[in-house]
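*Asks:* Sequence:
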Amino acid sequence: MSSDLIIMGGGPAGYHAALVAANNGLKVSLFEAKRLGGTCLNEGCIPSKFLLHTAKVFEYGKDAARYGVMAEGVKIDHQAAMKSKDRIVRALCQSINDSLKKQGVNIIPEKAVISGKEDGLFRVDSENHSEKSSRLLICTGSESAIPPIKGINEALKKGFAITSTEILSLSEVPERLLVLGGGIIGLEMAQYYSAAGSSVKVIDMLDHIGGNIDLELSQILKREMEKKGIEFILGARVKAVNDNGLEVETDQETRLIEGDKVLVSTGRKPRIRNMGFENIGLDISAGRIETNEYMETNVEGVYAAGDVNGRYMLAHTAYREAEVAVSNILGKKETMNYGAIPSVIYTNPEVAWVGETEDSLKEKGVDFAGIKLPMMLSGRYAVEGGTPRGMIKCSKDRATNTLLGVHAIGNGASEFIFGAVMAIEHGLTTNELGKTVFPHPTVSEILRESFNLL
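Read in order, the letters of the sequence shown correspond to residues 625 to 1078 in this note's numbering.
Worth flagging that the hints you see were computed from the coordinates, not collected in a lab.
Take these hints with a grain of salt, some might be off.
[Said to hold, decoys possible] Calculated lysine-lysine pairs in the PhoX-like style (CA-CA distance at most 25 Å, straight line):
(1) 852 / 699
(2) 774 / 863
(3) 735 / 756
(4) 673 / 707
(5) 782 / 863
(6) 956 / 986
(7) 851 / 699
(8) 658 / 852
(9) 673 / 686
(10) 707 / 651
(11) 673 / 846
(12) 726 / 851
(13) 699 / 893
(14) 709 / 699
With the hints as constraints, model all of the structure from the sequences given.
*Replies:* Structural data, given as structure tokens:
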């Protein structure tokens, strides 16, 4: 069969691109071998947020007496939480399926492989289908990146070590959980399993947690998680995985850290193998599909969006990349801007940020002004039990007064960070932002306060 557009992959980039393209009159064929929604919906963003909300409800329950609510014996029923999570994921998957069908998208539930070109058209085959098109959008996503550590592959085969996929479907809470990697995935899973009853240790080679997070906020988050009983072993190199733990080397010593499960959360890598990319000369030499600002690849007529291009492995970035790709497929010149991509760690407290940190601005030699305020200045934040250590940090260009970066720790940060994203995306000044009326009382008012004082 012939289509106006073939899409490989039904994750955030793929299914969103299919909806946008079909809504603009294109005949779309979408290949997805697994469930629609990709890693984000099935094995990442959504199920993990359900579990994190479970942990947050549990923590609120333990602290309910401060609000006059008597809740004794509060605990997490892990198996019940898993069943509820699965119900929600199934419902959301079905919703995507229904939306695609309503738009007339041809959904092919099989693995796709590019066979090559025939008569100027790309040919994509699966077990029972063959599609041709002059335009191809690759959205094959990513997979867990496994570090080259002695014994790790054997541990994964035995189930002693698991990835972010398996951790979201464990039937039992491990008594001792070792988390290899202190990035977003590792921290979020440490949060939930600690609340569910695990003794959790997080091991990372860096001297701080949270990856490229602002270092001051990283320290605050570490202290907050330590208060919940989570232990951090930083500046550590894991030398081996054995049958009952990790052999870890620090500046002081080499020791065995025992555990019942090891979560390998050391990042992700683009999924580019065994899909026939080489049959059309697609450049994957860098371990990803290279794209320009139009989401074009080195092969004319072929576009890539989402994790597979290795730029920002975030679902919200994938949505926007998909829109840019489809716009250019339709002949509307549009470019992707990566200058205002927000990031969030959905722990309790949350951390959210967009733009530059003070350290990155200093490294670039930018003349900037900065401010930091306690989140407790927000009445709404205070009455809802936000951590007293909560903080927001903002920076602006001294010459132009344009906003350069906002970094916050405290519950509500994931929701109000969009205001900073819009400001940076559109080059708004702090003077303009400070004149904007925010609803009261909301946690978001801390943004307005910061803009006025900056």
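*Asks:* Against each hint, give a clear statement of whether it holds in the structure.
*Replies:* Outcome of the hint check:
no.: 1; hint: 852 / 699; verdict: holds (14 Å)
no.: 2; hint: 774 / 863; verdict: holds (7 Å)
no.: 3; hint: 735 / 756; verdict: holds (15 Å)
no.: 4; hint: 673 / 707; verdict: holds (14 Å)
no.: 5; hint: 782 / 863; verdict: holds (19 Å)
no.: 6; hint: 956 / 986; verdict: violated (38 Å)
no.: 7; hint: 851 / 699; verdict: holds (18 Å)
no.: 8; hint: 658 / 852; verdict: violated (37 Å)
no.: 9; hint: 673 / 686; verdict: holds (20 Å)
no.: 10; hint: 707 / 651; verdict: violated (37 Å)
no.: 11; hint: 673 / 846; verdict: holds (20 Å)
no.: 12; hint: 726 / 851; verdict: violated (49 Å)
no.: 13; hint: 699 / 893; verdict: violated (36 Å)
no.: 14; hint: 709 / 699; verdict: holds (17 Å)
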